[in-house]
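Residue numbers (this note's numbering), protein chains in the order written: chain A, 1 to 175; chain B, 1 to 63.
Just so you know, not all the hints are guaranteed correct.
As the list claims (entries may be wrong) - Simulated restraints, written as ranges between beta carbons of each label pair: (1) A:P50 - B:Y5: 48 to 58 Å; (2) A:T36 - B:I35: 29 to 39 Å; (3) A:Q157 - B:A9: 13 to 23 Å; (4) A:G39 - B:Q23: 18 to 28 Å; (5) A:A143 - B:G42: 41 to 51 Å; (6) A:R172 - B:Q23: 17 to 27 Å; (7) B:Y5 - A:G39: 10 to 20 Å.
What the hints assert, rightly or not - Taking lysine to any residue pairs in the SDA-like style, the calculated list, with each CA pair at most 25 Å apart, reads: (8) B:K57 - A:H134; (9) A:K57 - B:K4; (10) B:K4 - A:K104; (11) A:K57 - B:H27; (12) B:K4 - A:S76; (13) B:K57 - B:G42; (14) A:K136 - B:I45; (15) A:K171 - A:T73; (16) A:K57 - B:I35; (17) B:K59 - A:R30; (18) A:K136 - B:K59; (19) A:K87 - A:P118; (20) B:K4 - A:A40; (21) A:K87 - A:S76; (22) A:K171 - B:K59; (23) B:K56 - A:I54; (24) A:K57 - B:K56; (25) A:K104 - A:G126; (26) B:K59 - A:A45; (27) B:K59 - B:I19; (28) A:K171 - B:L38; (29) B:K56 - A:L28.
For the record, the hints were derived by calculation from the structure and aren't laboratory data. Note that CB positions come from ideal geometry on N, CA and C, so glycine has one too.
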Amino acid sequence: MPSDKNNKIPFNEDNYTHNIERDNERKLDRRGFMKTLVGAAGVFAISSLPWGAIAAKELMGLGEKEYPHKKITNVSGLPIGDAVEFKFPGDHDDAILIRLSETKYVAYQNACTHLRCPVFWVKEEGEMICPCHHGKFDVETGAPTAGPPRRPLPEIQVKVENGAVYAVRVKRYEV
Amino acid sequence: MKFKYIGVALLCAFLMMNIVFTQFMVHQFYYENYINVLIFGGLNIVVFPLALFTYKKTKNEKA
Ligand code: FES
Numbered sequence: 001m002p003s004d005k006n007n008k009i010p011f012n013e014d015n016y017t018h019n020i021e022r023d024n025e026r027k028l029d030r031r032g033f034m035k036t037l038v039g040a041a042g043v044f045a046i047s048s049l050p051w052g053a054i055a056a057k058e059l060m061g062l063g064e065k066e067y068p069h070k071k072i073t074n075v076s077g078l079p080i081g082d083a084v085e086f087k088f089p090g091d092h093d094d095a096i097l098i099r100l101s102e103t104k105y106v107a108y109q110n111a112c113t114h115l116r117c118p119v120f121w122v123k124e125e126g127e128m129i130c131p132c133h134h135g136k137f138d139v140e141t142g143a144p145t146a147g148p149p150r151r152p153l154p155e156i157q158v159k160v161e162n163g164a165v166y167a168v169r170v171k172r173y174e175v
Numbered sequence: 001m002k003f004k005y006i007g008v009a010l011l012c013a014f015l016m017m018n019i020v021f022t023q024f025m026v027h028q029f030y031y032e033n034y035i036n037v038l039i040f041g042g043l044n045i046v047v048f049p050l051a052l053f054t055y056k057k058t059k060n061e062k063a
């Protein structure tokens, strides 16, 4: 059916590309601006979905799965006060193991809780430091002590068995 | 004439809410408070129809 649009000039045009018009390329009228705002709200809505989906999955307990214990290093290869980096639980999840004393080991996922730079262990100062914005973390608990980070580093539970250190699981935050 | 920009103002407010909710959502996600993630994510989604409705209501105000 032929549209009668052409007989009415200007025809009533209200589509969602209203402000895309070659003649008025540089012109953003109020309605066009409002459409952009609505579109932005749509983008926010859509981009919330994956977060919600993962959150729902975790809530249903599917995220609780046990990872196979992973050998980090041999006890003999890690002098007191030294640190070694490893990956846990996935191959792309950087983590760090620090030996504080003869029997005390701590391990954290070392992606900074500010913007995910790798946090490293400074033996001389007894602190974990993020190079990006000088965030500091307490080595005993993983709690942030200085700089921009506000959230503790996720702690990894470790166990020592037969002269080797194993990563067991990532601890949940206490609520 | 007086309310010429009320639609724009409302939509800007919605956008601001989106930004705030998203910020909360992401932080709560990393804190592992997954209920709060769902709440803020839900709010974020609800804002979109509201914005669309506001647009439809106010688009014909005399420019
Ligand atoms: S990324 Fe670590 S302090 Fe900013």
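Against the structure, the hints:
1. A:P50 - B:Y5: 48 to 58 Å: violated, 34 Å
2. A:T36 - B:I35: 29 to 39 Å: holds, 33 Å
3. A:Q157 - B:A9: 13 to 23 Å: Because 52 Å falls outside the window, the suggested range is violated.
4. A:G39 - B:Q23: 18 to 28 Å: holds, 20 Å
5. A:A143 - B:G42: 41 to 51 Å: Given a distance of about 31 Å, which is not inside 41 to 51 Å, the answer is violated.
6. A:R172 - B:Q23: 17 to 27 Å: For R172 of chain A and Q23 of chain B the Cβ distance comes to about 23 Å; the hint holds.
7. B:Y5 - A:G39: 10 to 20 Å: Once the Cβ atoms are compared, 19 Å apart, the range 10 to 20 Å for G39 of chain A and Y5 of chain B holds.
8. B:K57 - A:H134: violated, 50 Å
9. A:K57 - B:K4: violated, 45 Å
10. B:K4 - A:K104: Distance ~67 Å between K4 of chain B and K104 of chain A Cα, so the pair is violated.
11. A:K57 - B:H27: Roughly 17 Å separates the two Cα atoms, so the pair holds.
12. B:K4 - A:S76: violated, 75 Å
13. B:K57 - B:G42: Roughly 23 Å separates the two Cα atoms, so the pair holds.
14. A:K136 - B:I45: This hinted pair is violated, its Cα atoms lying about 36 Å apart.
15. A:K171 - A:T73: holds, 20 Å
16. A:K57 - B:I35: holds, 11 Å
17. B:K59 - A:R30: holds, 9 Å
18. A:K136 - B:K59: Cα-Cα ~51 Å, so violated.
19. A:K87 - A:P118: Roughly 12 Å between the alpha carbons, so the hint for K87 of chain A and P118 of chain A holds.
20. B:K4 - A:A40: holds, 21 Å
21. A:K87 - A:S76: Between K87 of chain A and S76 of chain A the Cα gap is close to 20 Å, so the pair holds against 25 Å.
22. A:K171 - B:K59: With a Cα-Cα distance of about 52 Å, the restraint between K171 of chain A and K59 of chain B is violated, given a limit of 25 Å.
23. B:K56 - A:I54: Since the Cα atoms of K56 of chain B and I54 of chain A sit roughly 33 Å apart, the hinted pair is violated (cutoff 25 Å).
24. A:K57 - B:K56: Status violated; Cα separation ~36 Å.
25. A:K104 - A:G126: holds, 14 Å
26. B:K59 - A:A45: Holds - the C-alpha atoms of A45 of chain A and K59 of chain B are around 22 Å apart, at most 25 Å.
27. B:K59 - B:I19: holds, 23 Å
28. A:K171 - B:L38: holds, 22 Å
29. B:K56 - A:L28: Given that 25 Å is the threshold and the Cα spacing comes to 18 Å, the pair holds.
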